[in-house]
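Chemist: Based on the hints, put chain B in the right spot on chain A.
The lines below spell out each chain.
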Amino acid sequence: MPDFTQLAPSDREAMLAAVGISDPRDLFADVPADARYPALDLPPALAELELERHLGELAARNVSARDWSCFIGAGAYDHYAPAAVGHIMGLPNFYTSYTPYQPEVSQGTLQAMFEFQSLVCELFGMDAANASVYDGASAVGEAVLMAQRISRRDRVVLAGSVNPQSRAVVSAYVSGRNVELVSSRVVLDGELREERVVDLIDDDTACVVVQQPDYFGHVRDLNGLAEIVHQRGALLVVGVGDATSLGVLKTPGDWGADIATAEGQALGLPLQFGGPWAGLMACRAEHIRQLPGRIAGQTNDHESRRGFVLTLQAREQHIRREKATSNICTSQTLLAIGITAYLSLMGPAGLREVARQSHAKAVYAAGRIEQLDGYRVLTPEPFYNELLVETPLDGETLRHRLVDKRLLAGVALGRDFPGAGLDGAILLAFTERQTRAQIDQLVEALAEVTA
Amino acid sequence: MTTTLPEAPATGLTPEPLLIELSQPGVAGHQLPTLDVPAADDDFPLQVTRPRLELPRLGELDVIRHFTHLAQRNYSIDSVFYPLGSCTMKYNPRINEDVARLPGIAHIHPLQPEETVHGALELMFELQRLLAEITGFQATTLQPAAGAQGEFAGMLMLRAYHRARGDTKRRKVLVPDSAHGTNPATAAMCGFYTVAIPTDPDGNVDQARLEAELGDDVVGLMLTNPNTLGLFERHLRDVTDAVHRAGGLVYGDGANLNAILGVVKPADMGFDCLHINTHKTFSTPHGAGGPGAGPVVVGELLEPFLPVPVVARRADGRFTLDLDRPASIGRLKGFHGHFGILARAYTYIRLHGADGLRRISETAVLNANYLRALLSDLYELPYDRTCMHEFVLSARRQKQRNGVRTLDIAKRLIDFGMHPPTIYFPLIVEEALMIEPTEAESRRTLDTFVAAMRRIAEEAGTDPSLLLNAPHHQVVGRLDEVQAARKPIVRW
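Sequence lines, in order, name chains A and B.
Counted from 1, the first sequence has number 226 at position 214 by our numbering; the numbering is strictly sequential.
Counted from 1, the second sequence has number 504 at position 351 by our numbering; the numbering is strictly sequential.
Bound conformation, chain A alone:
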């Protein structure tokens, strides 16, 4: 049985003798005898060869986005990642190292973290970023807690067009605290309508959270929002939808955000059924000491050589314990390295092209879908790469029928927006990956399954 131990029987004996015992079970004398060595009902060990077969079979019972076209988005996007990204994340000196507690032997990780933070700041138009948090949804959760610390207020206004996953996470993140959570209502009333968040702000509001592009793919005009939020003494949190949109769209900084977040998955990370990905999180300079998570900083050694260290650790749990900004310990460093590799391979022109193509495909699809009987695009213009589409069926039913057409398409909204009249709608996402022929196939399938 392969257990990845490397002691010969003679080593074991000699080592037990060095410890002064003869039976390894004597190492566990402190464990109560009646609880020691319990029966363990596990399947028998498999050899690597058998395991490869077993996992291969399990994997083959999933339909991957390489098997069928994938038009599902809603927070995770099937963009293309250049081959080099995976190979860089596969460098063993990255993936088999740990948090850079000893900077002299972790300069690679620390410099990559610093580069990642720099790229996040540039993408977001912000001053300071951390080295990532768990994912985009928990980044919004952390942003809300951060805004609560800064403002010392306990009311949070969330736009209803923020991803429901993020809204659920915010709700759990504040559940232990005395926080009032207010959400603007979304309703389909002929067209898609959303209550204005500015009407929900009061003088106890800690922050307003909006998403751009929003959950329905709409690119919102956020001009003037920050002024209103700031006049009431609150903070503006802008969560970015598909992060590739930052190739063309205004940054959270441009909109006057105090804290910016995004899910980093779209920037070169595989879908992986939901993770691991990386939450991007940045803020204005004056709030850096309230930012949670690991942060790499530049400094020098005694010979004035440039180097990097984990910095501002007085914010963190291992120093401050119950007074820390968050309990977060690890960032998502390997994924942050992947995103850094992706952005450096794409460059500004490449990222702009990803955004340009993703948008053009959505526009093409919208034009064709609008011509179908019973279908209507509900996302107002301008949209980025996602469309909320009214369908003649129940959204959940439709998606299953599309499986029969060998398509992974559509997210149903009934569960996440109860009473909003969205049961018959689905959300469709487009990226540079899908060809015109694949989009045509989707449009034909939509027509056929409701014919």
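Mixed in with the good hints there might be a few duds.
Covered, in the sense of this in silico footprint (three residues per stretch, anywhere, with C-beta under 8 Å from a C-beta of chain A), are these stretches of chain B [to be verified]:
1) 197-205
2) 216-229
3) 280-289
4) 415-424
5) 464-472
6) 513-524
Please keep in mind that the hints were generated in silico from the structure rather than gathered at the bench.
All residues carry an ideal CB built from backbone N, CA and C; glycine is no exception.
Modeler: Frame of chain A; chain B shown alone:
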């Protein structure tokens, strides 16, 4: 006359420029296909488009070289002995990585219809069961992204349990003074306050001090076992019984689970839940500081409060993501957890079976005790007992006699080609060195570490400057952390 180079080429051992310093106008590292639908470039009005975007511009080879150089500037498990206590830096089997890259694992969307992800759901369902069996619990959530988030999930469940019984006055969380910093930080995130319980002279929770703090205001106790001194709590059942008598629950921090696989089930010792760090116990890569995964296993008292979704098996045998859990604490991250990491953990468990897991823990504990036996004459061992998978030395003697600190010993170890142990933790041991060899190391590697530690103890007496100026051969020397924190430079 010799030709001077315009710049010294970076090799990983010489200073590596930042990406932005390597940028060259007009260069691109990737090319997309030509757009095959009509362009829609003028759709966005100026008020929503960004005027500029400054990302580095590099070719693919230069990107690869840059990251190769950066990787060369790291120590890793694959390159050196990495006895970082409390982190379980064990070997990461390569089969795990191959599994995670299968298209049916790597390229499935979390919102696909369930009939297209049966394999993934079955894997998660099975992993839930395996983790519950290994630890003796009833049910599992795979959602938490890391150990700290597992703690958050667990403590929110404790909160929900008390509130469901109409008991809203409990706000006090007891945490031993040897605990990880995440424990009190987590309690604070849940709106609780913490009281530290001292450690007794044998390295156990001080039972009398614990009992004195117990009352009807206590949420529960957060306990790491084996504890951060590397010791199995000798009176563990007395501790958990006392907490239960006061109406509190016992949260288990499973950071040190690698010591007790197949040896004892935490549920049998009175824990009500436990988080598991898959990147420690179940060999998923540490990734330079994440991603981890922090599943939480619970007993029946807490099962109703598990985060959503939980993978369930329907009457027809099919697996489904169960979102209809009215008492659930909700959702702590997007989607279903770090599936790519969980697939690796599942692979590792299936590779071992019950006997294999038991052998892992026995070997991890043997390796730690071997090092302890061979080092405790030169370094102080504040708690002199058979240890579990790790132990804590103190360099107090070296500090008093030779004027060198634990930090200096750690830096000198780097010169000998080893990653230092965890230092200055747990906080209750002065000049602490927390050493965890894991089961994966050969006796030869362990002996080399012992020789290095003994030599360093000698050098501390004969030539302490060797320690004080270490490391001597790295790409940078000791860095000015005070300057970094005082005037933070966190981006280019």
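Chemist: Checking against the hints above, which ones are violated?
Modeler: 5
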